[in-house]
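> Just so you know, the sequences run in chain order A and B. Residue numbers for the first sequence, in the numbering used here: 1 to 134. Residue numbers for the second sequence, in the numbering used here: 1 to 35.
Treat the hints as calculated values from the structure; they're not laboratory data. Ideal Cβ positions, reconstructed from N, Cα and C, are used throughout, including at glycine. Worth double-checking, as some hints may not be accurate.
Calculated cross-link-like contacts (lysine to any residue; reagent style SDA-like; alpha-carbon spacing at most 25 Å) [unchecked claim]:
(1) K107(A) / R30(B)
(2) K2(A) / R30(B)
(3) K132(A) / H91(A)
(4) K107(A) / Q25(B)
(5) K108(A) / Q25(B)
(6) K107(A) / H26(B)
(7) K40(A) / Q25(B)
(8) K108(A) / K4(B)
(9) K132(A) / H26(B)
(10) K87(A) / E51(A)
(11) K2(A) / H26(B)
(12) K124(A) / H26(B)
(13) K40(A) / E28(B)
(14) K108(A) / V121(A)
(15) K124(A) / E28(B)
(16) K2(A) / K107(A)
Residues of chain A placed beyond 10 Å of chain B at every Cβ, according to the derived structure [stated by the list, open to error]:
(17) R7
(18) K40
(19) D44
(20) A64
(21) A69
(22) M82
(23) L85
(24) E90
(25) H91
(26) L92
(27) A93
(28) T100
(29) V121
(30) K124
(31) I130
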Amino acid sequence: MKQHLGRQSGVQSVDVTLIDGKVEIVPKDDGRIDPQHLLKAVYDSGVSVAEMDVTVRGRVAKNASGNLALNVSPNQSFAMAMNELSKELEHLADSANTVTVRGQLYKKPEGKKKLKLDPSVPLKLLVLEIEKKE
Amino acid sequence: MHSKKLALFVLLGCALVPGSQAQIQHIEMRVEGMT
Numbered sequence: 001m002k003q004h005l006g007r008q009s010g011v012q013s014v015d016v017t018l019i020d021g022k023v024e025i026v027p028k029d030d031g032r033i034d035p036q037h038l039l040k041a042v043y044d045s046g047v048s049v050a051e052m053d054v055t056v057r058g059r060v061a062k063n064a065s066g067n068l069a070l071n072v073s074p075n076q077s078f079a080m081a082m083n084e085l086s087k088e089l090e091h092l093a094d095s096a097n098t099v100t101v102r103g104q105l106y107k108k109p110e111g112k113k114k115l116k117l118d119p120s121v122p123l124k125l126l127v128l129e130i131e132k133k134e
Numbered sequence: 001m002h003s004k005k006l007a008l009f010v011l012l013g014c015a016l017v018p019g020s021q022a023q024i025q026h027i028e029m030r031v032e033g034m035t
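Between the sequences and the hints, there should be enough to build the whole structure, so can you do that?
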């Protein structure tokens with residue numbers, strides 16, 4: 001799995017801890033990493049992902065339907081799940097400020113042993129911690 | 001001459017700053033079924 005993940009685009013290094021099933025990925029500086037591809041790559045290597053957390057820096061934006069999103073690059077954006085922390089970011093929508101947040105992009109639904117991953121369903125960012133507002 | 005250098009500096013800055021401002025910095029996964 002480590003080799004398989006290491007070959008994915010945008011991945012600089014992969015660190016796997018067997019005891020607690022933790023996989024840490026450091027992206028390359030070019031920022032061209034796709035968490036959805038990584039999820040698929042893990043499933044393809046025969047293991048399932050229970051949870052995926054990211055630390056991400058970007059700009060808060062509001063789409064036409066009023067939902068918040070975090071724009072990471074011109075072609076990468078994560079819709080934000082609403083919670084108390086995402087509400088704190090609402091006033092920064094469409095401003096020049098950047099924020100660094102730690103959030104959950106994926107959590108395996110409870111009680112499902114085998115899960116079919118649907119790549120057409122976009123990942124939603126649940127903000128767990130606001131690390132920096134600039 | 002100085003203005004040319006300044007213009008080049010500004011151009012380079014514009015090209016580099018967006019990349020360093022926004023990006024995924026770290027990803028952590030908890031996986032099941034790993035042996």
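> Hints first: check each against the structure and report whether it holds.
Taking the hints in turn, this is what the structure says about them:
| no. | hint | verdict |
| --- | --- | --- |
| 1 | K107(A) / R30(B) | holds (9 Å) |
| 2 | K2(A) / R30(B) | holds (13 Å) |
| 3 | K132(A) / H91(A) | holds (15 Å) |
| 4 | K107(A) / Q25(B) | holds (19 Å) |
| 5 | K108(A) / Q25(B) | holds (22 Å) |
| 6 | K107(A) / H26(B) | holds (17 Å) |
| 7 | K40(A) / Q25(B) | holds (20 Å) |
| 8 | K108(A) / K4(B) | violated (55 Å) |
| 9 | K132(A) / H26(B) | holds (15 Å) |
| 10 | K87(A) / E51(A) | holds (23 Å) |
| 11 | K2(A) / H26(B) | holds (16 Å) |
| 12 | K124(A) / H26(B) | holds (16 Å) |
| 13 | K40(A) / E28(B) | holds (15 Å) |
| 14 | K108(A) / V121(A) | holds (14 Å) |
| 15 | K124(A) / E28(B) | holds (16 Å) |
| 16 | K2(A) / K107(A) | holds (21 Å) |
| 17 | R7 | holds (15 Å) |
| 18 | K40 | holds (12 Å) |
| 19 | D44 | holds (12 Å) |
| 20 | A64 | holds (21 Å) |
| 21 | A69 | holds (12 Å) |
| 22 | M82 | holds (21 Å) |
| 23 | L85 | holds (18 Å) |
| 24 | E90 | holds (18 Å) |
| 25 | H91 | holds (19 Å) |
| 26 | L92 | holds (13 Å) |
| 27 | A93 | holds (15 Å) |
| 28 | T100 | violated (7 Å) |
| 29 | V121 | holds (18 Å) |
| 30 | K124 | holds (15 Å) |
| 31 | I130 | holds (14 Å) |
The earlier numbered hints that this structure contradicts are 8, 28.
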